[in-house]
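Enquirer: Sequence order for the protein chains is A and B.
Letter 7 of the first sequence, counting from 1, is numbered 250 in my numbering, and no numbers are missing.
Letter 209 of the second sequence, counting from 1, is numbered 213 in my numbering, and no numbers are missing.
For the record, the hints were derived by calculation from the structure and aren't laboratory data.
Watch out, some of these pointers could steer you wrong.
Said to hold, decoys possible - Keeping only pairs whose Cα atoms sit at most 25 Å apart, straight-line, the calculated DMTMM-like set for lysine to aspartate or glutamate is: (1) B/Lys136 with A/Glu262; (2) B/Lys211 with B/Glu195; (3) A/Lys350 with B/Asp102; (4) B/Lys59 with A/Glu262; (5) B/Lys136 with A/Asp347; (6) B/Lys136 with A/Glu535; (7) A/Lys268 with B/Glu128; (8) B/Lys59 with A/Asp351; (9) A/Lys350 with B/Asp87; (10) B/Lys211 with B/Asp28; (11) B/Lys170 with B/Asp87; (12) B/Lys59 with A/Asp347; (13) B/Lys211 with A/Asp559; (14) B/Lys124 with A/Glu262; (15) A/Lys350 with B/Glu159; (16) A/Lys350 with B/Asp76; (17) B/Lys266 with B/Glu196; (18) B/Lys136 with A/Asp351; (19) A/Lys268 with B/Asp102; (20) B/Lys170 with B/Asp102.
To be verified - Away from chain B, derived, C-beta distances all over 12 Å, residues of chain A: (21) Phe281; (22) Phe298; (23) Leu306; (24) Leu316; (25) Gly320; (26) Ser353; (27) Leu355; (28) Leu389; (29) Ser424; (30) Leu431; (31) Met536.
C-beta atoms are modelled at their ideal positions from N, C-alpha and C, and glycine is treated no differently.
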Amino acid sequence: MSNRTLGTLSTLLRRELWESPVAFKWAPLGISALILLFVVFSLIIGGRFDAEMAFTSDMLRQLAEQPVEQKRLLVSGALFSVSAIFFQIMLLIILFYLSGSLFDDRKDRSILFWKSLPVSDGMTVASKLASACLLVPALFFAAIVLTHVLLLLIATVYGLLAGVNPLTTFWFPASLPRLWSVMLLGMLVQALWLMPIYAWLLFCSSWAPRLPILIAIAIPAGLAIAQHAWTLITSFTLPGFNLGLIMLKRLGSGVLPMSVNIEFGGQLQSIEFSEDLFMNYSTVLGYLARPEMWIGLAIALLLLFGATWFRRRATDG
Amino acid sequence: MEMTIKARNLQRHFGSTRALDGIDLDIPEGRIVGLIGPNGAGKTTALKAILGLSKFDGELTVMGLDPARQRDRLMEQVCFIADVAVLPRWARVSQIIDLTERLHPRFSRERCMHFLKNSKVRPESRIRALSKGMVVQLHLALVMAIDARLLILDEPTLGLDILFRKQFYSNLLNEYFDEQRTILITTHQVEEVEHILTDLIFIRDGKLILNSTMDEVHERYVELMVRSDQADQARALGPLHERVLFGRHIFLFDRADMAQIKALGETHKPSVADLFVALMGTEPAPATETTG
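Isolated chain A, as found in the complex (with noise of 0.2 Å):
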């Protein structure tokens, strides 16, 4: 890519961000400041109960004194729950707004303003891809850091006034360089392994005469739906292979785990609880290798050849 291209791209991702300031902006910084608020009310609260601090500090001593691992798992697993709202909201924001992405300027006629400018139909798409992949999730990474150095902070607070190291107690069984690596890189392979559902929104987006989310969703869901009852009436049987059940999968089977934690198929696998569970590079990694992927990604790529073609000839009305 040359530099222009660079540069036009980055102000593209400008311009969703100057769009959406509420979706990107104050949405992460908004959880984080609940989050935030909660954990000091909490704090507040118990404080009433609890004097002299006794049972907190009880607590933090118990805590300090744990083996490695289980701090471990405790402070850095507390982080990651913290970060598992985040992600949640962040999917949701995603998938709003990619449907709306190619289509609320047709609706508004401002698209004759945006195509009156020297940027191409593709770095268009690619713009809003981009901007669902990177600028969200880095912006939603960057309100977690906040949000994990912020608790971290209090913590540290509570942890003198208890007497207990609050490095050791805290800070280094917080493993924030792996934590923070591991989401960071959870949060991009995410992006890829979502890209098929990124792609479908967008291509919808790009056509749809209105509500493009409700034609995403209907069209997927309609054919489940046929599919289901077709197989039924003709065989009694349920099909195995659903491409509304495939999708809503793919939704659910993140990579970052605990993302939304839905298990279709009805086999709950034994889950051991360690710190691996969600800092585990080769466990994101490990999606890099899966066939599933490979193929979402190149189904994706035609959707997003399809969501340019479509916005080539789109016009206003």
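Given chain A, put chain B in place with the hints provided.
Expert: Chain B alone, transformed into the frame defined by chain A:
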């Protein structure tokens, strides 16, 4: 010399309707062309084809580029204002200017700010908070700050009051237009643009009814006003069109014998609006529509 716009047998169908029915067009640089036609005549379809916003059949090159395939490169040379509603309503004025500056290599921020200096448009305002007239001022300032070779205006002054409209065209003419640029305008308010046009194109049912320079138009067409007792004599000379105003009969002639005509009464240049009515086969009042 290379034509700014060159079209051969340009066509566009919507089902069985022919929105563009085989148009040939040659627009050189340094012209201000009015593309005039009734609603649904194919004006916007033609502009959209030229801008690469819709597909078409036939041959079309704009600044030597194929608009259907090279819209992004074409837009470095071409600007257009559709009408007032198209600037994104969520944006602030400063954001729109920033975006245009970063995305358009030929945009000059100084020129844009110069054009906005005397308006009420503030950089921190949101587009949705601006009045229609202010949005047009902003859009025109953006477009005039781009050093483009072709400017396309589709009903640019629709819904604006007369002060804005006058200001709009005088800015365009005094501050923007020169011999290297071409401006293509469609509008219903013909009387406002006829003094600035160098070329006139009438379009109806996807066909060009008239395509010539204003000088040719003035040479070719003449309007004759006669008393009613001389109307028959005038009719005998084969006018294109006849109308009655305050008991006087007004005839429009195409390439008439000036000596004969001058003998019958007062002659003058027809206005574009009168010419439009005569050539398009519609009566001004009562508003009956004839097709043909």
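Enquirer: None of the hints should be skipped; say for each whether it holds.
Expert: Okay, the hints, checked on the actual structure:
1. B/Lys136 with A/Glu262: Since the Cα atoms of B/Lys136 and A/Glu262 sit roughly 21 Å apart, the hinted pair holds (cutoff 25 Å).
2. B/Lys211 with B/Glu195: Roughly 22 Å separates the two Cα atoms, so the pair holds.
3. A/Lys350 with B/Asp102: Since the Cα atoms of A/Lys350 and B/Asp102 sit roughly 24 Å apart, the hinted pair holds (cutoff 25 Å).
4. B/Lys59 with A/Glu262: violated, 29 Å
5. B/Lys136 with A/Asp347: The hint holds at about 20 Å.
6. B/Lys136 with A/Glu535: violated, 52 Å
7. A/Lys268 with B/Glu128: holds, 20 Å
8. B/Lys59 with A/Asp351: It holds: about 22 Å lies between the C-alpha atoms, which stays within 25 Å.
9. A/Lys350 with B/Asp87: Holds, at about 15 Å.
10. B/Lys211 with B/Asp28: holds, 9 Å
11. B/Lys170 with B/Asp87: holds, 16 Å
12. B/Lys59 with A/Asp347: Holds - the C-alpha atoms of A/Asp347 and B/Lys59 are around 22 Å apart, at most 25 Å.
13. B/Lys211 with A/Asp559: holds, 24 Å
14. B/Lys124 with A/Glu262: The given pair, whose Cα atoms are some 24 Å apart, holds under the 25 Å limit.
15. A/Lys350 with B/Glu159: Between A/Lys350 and B/Glu159 the Cα gap is close to 19 Å, so the pair holds against 25 Å.
16. A/Lys350 with B/Asp76: Holds, because 22 Å separates the two Cα atoms, which is no more than 25 Å.
17. B/Lys266 with B/Glu196: Between B/Lys266 and B/Glu196 the Cα gap is close to 29 Å, so the pair fails against 25 Å, i.e. violated.
18. B/Lys136 with A/Asp351: Holds, because 15 Å separates the two Cα atoms, which is no more than 25 Å.
19. A/Lys268 with B/Asp102: Cα-Cα ~20 Å, so holds.
20. B/Lys170 with B/Asp102: With a Cα-Cα distance of about 28 Å, the restraint between B/Lys170 and B/Asp102 is violated, given a limit of 25 Å.
21. Phe281: holds, 32 Å
22. Phe298: Correct as stated: the minimum Cβ-Cβ distance to chain B is 51 Å, above 12 Å.
23. Leu306: holds, 48 Å
24. Leu316: Consistent with the label, A/Leu316 stays out of reach of chain B, its closest Cβ about 45 Å off (over 12 Å).
25. Gly320: About 40 Å separates A/Gly320 from the closest Cβ of chain B, which puts it past 12 Å; holds.
26. Ser353: violated, 4 Å
27. Leu355: violated, 4 Å
28. Leu389: holds, 26 Å
29. Ser424: Label holds. Min Cβ-Cβ 32 Å, cutoff 12 Å.
30. Leu431: Its Cβ never comes within 12 Å of chain B, the nearest being 26 Å, so this holds.
31. Met536: holds, 32 Å
Checked against the numbered hints listed earlier, the structure breaks hints 4, 6, 17, 20, 26 and 27; every other hint is satisfied.
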